[in-house]
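Protein sequence lines correspond, in order, to chains A, B, C and D. Numbering follows my numbering, with no gaps: position 254 of the first sequence is 254. Numbering follows my numbering, with no gaps: position 207 of the second sequence is 207. Numbering follows my numbering, with no gaps: position 115 of the third sequence is 115. Numbering follows my numbering, with no gaps: position 218 of the fourth sequence is 218.
Watch out, some of these pointers could steer you wrong.
Since the list gives no way to pick out one identical chain from another, each pair is judged satisfied if it fits inside one copy or across any two copies.
Here are the computed lysine to aspartate or glutamate pairs in the EDC-like style, where the Cα-Cα straight-line distance is at most 20 Å [as the list claims (entries may be wrong)]:
#1 Lys269 x Glu314
#2 Lys75 x Glu314
#3 Lys47 x Glu307
#4 Lys75 x Glu38
Hints were generated in silico from the structure; no laboratory data involved.
There are 4 protein chains.
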Amino acid sequence: MSWNSFGRVFRFTTWGESHGPALGAVVDGCPPGLPLGEADIQPWLDKRRPGTSRFTTQRQEPDRVRILSGVFEGKTTGTPISLSIENVDQRSKDYSEVALAYRPGHADYAYDAKYGFRDYRGGGRSSARETAARVAAGAVARIAIPEVRIRGYLVELGGDRIDPAAFDAAQIDANPFFCPDAAAAARWEEIMDRTRKAGSSVGAVVECVAEGVPAGWGAPLYAKLDSELASAMMSINAVKGVEIGDGFEAARLTGERNADPMRPGPDGKPVFLANHAGGIAGGIATGQPVVVRVALKPTSSILTPVETITREGEASDIRTKGRHDPCVGIRAVPVVEAMMALVLADQKLLHRAQTGR
Amino acid sequence: MSWNSFGRVFRFTTWGESHGPALGAVVDGCPPGLPLGEADIQPWLDKRRPGTSRFTTQRQEPDRVRILSGVFEGKTTGTPISLSIENVDQRSKDYSEVALAYRPGHADYAYDAKYGFRDYRGGGRSSARETAARVAAGAVARIAIPEVRIRGYLVELGGDRIDPAAFDAAQIDANPFFCPDAAAAARWEEIMDRTRKAGSSVGAVVECVAEGVPAGWGAPLYAKLDSELASAMMSINAVKGVEIGDGFEAARLTGERNADPMRPGPDGKPVFLANHAGGIAGGIATGQPVVVRVALKPTSSILTPVETITREGEASDIRTKGRHDPCVGIRAVPVVEAMMALVLADQKLLHRAQTGR
Amino acid sequence: MSWNSFGRVFRFTTWGESHGPALGAVVDGCPPGLPLGEADIQPWLDKRRPGTSRFTTQRQEPDRVRILSGVFEGKTTGTPISLSIENVDQRSKDYSEVALAYRPGHADYAYDAKYGFRDYRGGGRSSARETAARVAAGAVARIAIPEVRIRGYLVELGGDRIDPAAFDAAQIDANPFFCPDAAAAARWEEIMDRTRKAGSSVGAVVECVAEGVPAGWGAPLYAKLDSELASAMMSINAVKGVEIGDGFEAARLTGERNADPMRPGPDGKPVFLANHAGGIAGGIATGQPVVVRVALKPTSSILTPVETITREGEASDIRTKGRHDPCVGIRAVPVVEAMMALVLADQKLLHRAQTGR
Amino acid sequence: MSWNSFGRVFRFTTWGESHGPALGAVVDGCPPGLPLGEADIQPWLDKRRPGTSRFTTQRQEPDRVRILSGVFEGKTTGTPISLSIENVDQRSKDYSEVALAYRPGHADYAYDAKYGFRDYRGGGRSSARETAARVAAGAVARIAIPEVRIRGYLVELGGDRIDPAAFDAAQIDANPFFCPDAAAAARWEEIMDRTRKAGSSVGAVVECVAEGVPAGWGAPLYAKLDSELASAMMSINAVKGVEIGDGFEAARLTGERNADPMRPGPDGKPVFLANHAGGIAGGIATGQPVVVRVALKPTSSILTPVETITREGEASDIRTKGRHDPCVGIRAVPVVEAMMALVLADQKLLHRAQTGR
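Generate coordinates for the entire structure from the input sequences, incorporating the hints supplied.
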């Protein structure tokens, strides 16, 4: 099946291929009366845009968004918001070899197995270009949840972790890696230069924190806040793991160590003395920061030839030329943020549907 | 919102609280004509049943399943299958203290914040007893995917990992931990005895492998096979992390190391030389074994008092008496298997909806 | 496919066959904190219950409802509400002939064509007994929309219409036909006696009015209030037509005659000078009474033999013995009311999800 | 809520306002490998296009469709198909008065009551221009159900019915009314000329027949084929009633008269001796032609002033100038056909999801 919609009441649908004329998203269920213009969306697309440093793909895409519906006199009308982004820099000729043989680690073989054939130009629908549509939709979601602040950043690149003690939010936008640790950013520059020169690639871990999520958001049991976040994050290209709060580390703690003790707070709400749970209990937000961590595999497109087979089933090997990100994890940061916003907007609306609050 | 259904065409809905008269599941969309009786479901419930060893809760629940609809003359009719399990051993008196104060790590505070009040007896709806309904539904899913073999087991308990080289499938059912490594199982017995005596708890990591999943199952982009699995697993009580294939480890590999090279196979299908991807590319099954790993936090119910607040907002502390699993990860194994089966049954039907295969 | 759930945020799922041990509904998404007990549901089931007059089937079913989950200390908890009704008076032997040949007008052939076989006892899943589960679910929906008053009644039976000028709401519960016109009720008694003696059956038209629906409820474009009502009503057994407001008659009016002029009202809301639209414009409630009319065909079970074929494809003919309603339209009144309530509860929650009101 | 998607596995989402830059649809779940080009869609849009005779609105819209995704080398890829239609002939100045006062019969007041404000230009989202997107999506659905032939036509206009005995399929495209009865078409020309000159409007009844629908399609109980059709048709602008088969007339027949007797057919399938049921029993197709009838109210836009109120709540009256269809029922024919195709494509896929056939 093809399933290109996400969300339950605040919903979006994306469409478009890497080398088609355009791609886009339709956002439905957005509350009416919210101020929205293209200028509210473009900065997030710019953050994700390729070609902004030597560490990302050199494909040149302006990624200009157009709002085609759902906004009148500068405000959302409550009707579907159609967002469109033109594809400009398509070089279809780069992909002739890909038409014949499968690139290991890519979706090439799987799409053929599923659909019988595929649009091989730039990965077609399986291309990470689709994530531009998510970022655009996510920008709309952000305006629907003004009470929430979302911040994503890299905590690990090529196996090299940041020092949590050196965390400095101001650093995140001061380097091309969304890295909150200046020393780590310096090391990563070396790693990336080495990787790029070798025609190789590395993975990364993104962390994303949402502050201000009210206690009570979440829809147990099968649309739990953590379950929805896991689904949202795992749907991003190259993601292979998702953690909430302490994640796998929690499995190594005792019950005493993993507890998040509560104390009375100044405003009647509890103060938590720890946040191992990542802000979610029983699938419902506790009012603490919601913390998600996402593992991205190294880009599958590398210059080293890899053994593969052709569409005809013959042995071959393939080097992936073309213009690729040596670390897709970097540009995934705004995508992870967008998915966080989209999940939270949906949960906000679901919560007030049932409770009126 | 309350959201107690899962799946898109093969769907199930669960209901019931820990201390209500019963709990159950309604399975809808199951193919007709499949042989199904209570005897096909009961063994999976028995596997999850509490009180089978000294390492799990001593609550005595026979967990007898009844099929109330959807089966006629021993075969599924294609109409909804209602499954019901009576609650037998409810001791509501154990939970009086819980009514007044929040147990950190439990959903107590979050449910109150969401709904304004809660059924505090045994955790009410947030109790892990609900997973019995999933296991029953999962047993139905299994008969809908005879081509698939699913096997879950523990790879880590209390921070102690199995030795992959010592993996022996025959061991899994030979110890009370679903542990495939006999030496690890021996160590875990000690860990568990120590933990139980201390009134403490430990976490665990479950791995689950599905073999025989045909290449092509999966529904990109927002119902990707890995995305659905992440959602399914994260919806299980106490789960804080999900990995597909190499998971977070993939983020530490280079593109060369992470590749799954392909060779022509004897039957026209490719042979893969590795399975870092865990059997999924672009959200679609590749035909390799589908591999998921799930992290479960330590049980929040411990005998050590933890700082908390009361419903009235006053400082207090709470010890959780009652009968609890010192490691919820153990009994989670059949639950993880059930969720795997439920996701795959849904994807099988979705795939043939679109492609006719 | 089997699709036994209805609703988008206030949802219900029904299960059960005519001759199984029980049938039921799971209601999910209900707001928390609403007072609910079995005594709130039972009166609606009693209204639909068979065997209350000589004009309905003589099957004796007490239709006692049990609440199995989702209610604690007399209030809804916000978690799924499981409702169960035992089947008591099943006489499976009555249906042996039906196993072999198809009853024209029933779902027998269609179920066989779809599923390859069927539970032939009393129509199995296609039996109107399933509507008991809807009525139970509808009783829950009613408590979620206290601002709305719903009233259903028959406006036509066996082709004989009421006189709108003689409409008297007090009459509706004063005769066995939910007939608001005393003179018509007297005529219908004759029609029904004649029909019953002849072993024949007649159709009916139910009208249902919901007052107090706030302007603004409705979810354009594909979950319009009228669209949802049409879907809900057409899903009831034997229904073949649905009208909103003037319905088919509107197609015979000019634009001038069909207009619902508006005047300023005392409270700032408009006063409408007519209600041809049945309270809905553009799929959204206008604040006027919502008016639906539903056509029910005559019961297909009649004593006159009808030409048919057997499962083996041979010519035969069939008389439907057993205990049947000579006019299913009568007992459909509480079912139509229940579906109205269920649609409106869903729309109320959807509206406040998006707008916060 | 805003809900602009329809379908369960074969799904579409529409977007766009009457006076925005464009409108469109995203079709998801379409089977892969089907030949599809813009030339397969355009003829259906041309059939619905305004300005083709003096009996429809004189707004000039070429309604050129563009396929922006989901098709590669002339075949559907199985990924979302984005369809876009530019708005060309928008005269926003015509609608200044509408901004201030509500047009009775239109959605003006309801949209304001729901969303707090509205795009008043040409009805914004509530405009019948949206149906162009449905027709485009329906053209895609048609290629997914080659076994089915769909034919819509008018059976009544301004209260004047066709003579069923004079039914001649060849006439349908030979007059501007999709009228299968030449004599009726001649009368309707007079009715329409008179109506147009008076600045008035009339209603109509559309009948739509789908032949070749295999027995078994349909998804009981809450996605019954008739229930889905009712929902689909009632979602079309100006529709106030839906009938399946004999519809309301069935309520006036006895059980004997309403029966559809069955005889053994030459190919093992039954031959039905009548089709009162309109091809659907128990929500499942019987293999007979599926027959739907749809009532459309007269256009609300008329030249006669109608009493209304302003946004400020003051008494006023309004004449609707601008370019309007004196009978929206005429151009509704291709829209009804499209919705029929979309429902059937969805049901085809649902059926094979569950049964594999």
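We went through each hint and held it up to the structure:
1. Lys269 x Glu314: Close across copies (10 Å), not inside one copy (65 Å); limit 20 Å.
2. Lys75 x Glu314: neither (57 Å within a copy, 26 Å between copies)
3. Lys47 x Glu307: For Lys47 and Glu307, the Cα distance exceeds 20 Å both inside one copy (35 Å) and across copies (43 Å).
4. Lys75 x Glu38: within (11 Å within a copy, 33 Å between copies)
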